[in-house]
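Chemist: Sequence:
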Amino acid sequence: MATITLDGDSISEPADFYSAFFHATAGLIPDYGGRNLDALVDDLRDLNEPLMVVWVHSAASRAALGDWFGRVVAALTNDGAHPLVSVTLR
1 MATITLDGDS ISEPADFYSA FFHATAGLIP DYGGRNLDAL VDDLRDLNEP
51 LMVVWVHSAA SRAALGDWFG RVVAALTNDG AHPLVSVTLR
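Going by this note's numbering, the sequence shown opens with residue 1, and the numbers climb by one from there.
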């Protein structure tokens, strides 16, 4: 299982998330350049091993991103249906 950590203190807009996520998953998930949630779900289909996403200081991101925060967490786990990705918010 691969584990990545995202720092919510540095994620205040979607572009920050995509930059941090693809930097942290380099070598695990190809970055095809799509910067929307549908593209993220497509990129996750290329994952070959379980991935744990630990989002520290997630309250800061939740406050800054609003509804998009919940949408990106749902996209990462495909609303709980993606068998290889789990998300832990701290």
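A hint or two may mislead.
Ranges of calculated distance between the beta carbons of each label pair, as one might list FRET restraints [said to hold, decoys possible]:
no.	residue 1	residue 2	range
1	A59	G27	18 to 24 angstroms
2	A2	G66	24 to 30 angstroms
3	A63	T5	26 to 32 angstroms
4	L89	E13	17 to 23 angstroms
5	D67	M1	26 to 32 angstroms
These aren't lab readings, by the way, just hints derived from the structure by calculation. All of these numbers come straight from a predicted model, not from anything done at the bench. Cβ atoms here follow ideal geometry from the backbone N, Cα and C, with glycine treated the same way.
Chemist: For each hint, tell me whether it holds in the structure or not.
Modeler: Against the structure, the hints:
no.: 1; hint: A59 with G27: 18 to 24 angstroms; in the structure: violated (29 angstroms)
no.: 2; hint: A2 with G66: 24 to 30 angstroms; in the structure: holds (29 angstroms)
no.: 3; hint: A63 with T5: 26 to 32 angstroms; in the structure: violated (19 angstroms)
no.: 4; hint: L89 with E13: 17 to 23 angstroms; in the structure: holds (18 angstroms)
no.: 5; hint: D67 with M1: 26 to 32 angstroms; in the structure: holds (30 angstroms)
Hint compliance for this structure: hints 1 and 3 are not met, and every other hint is.
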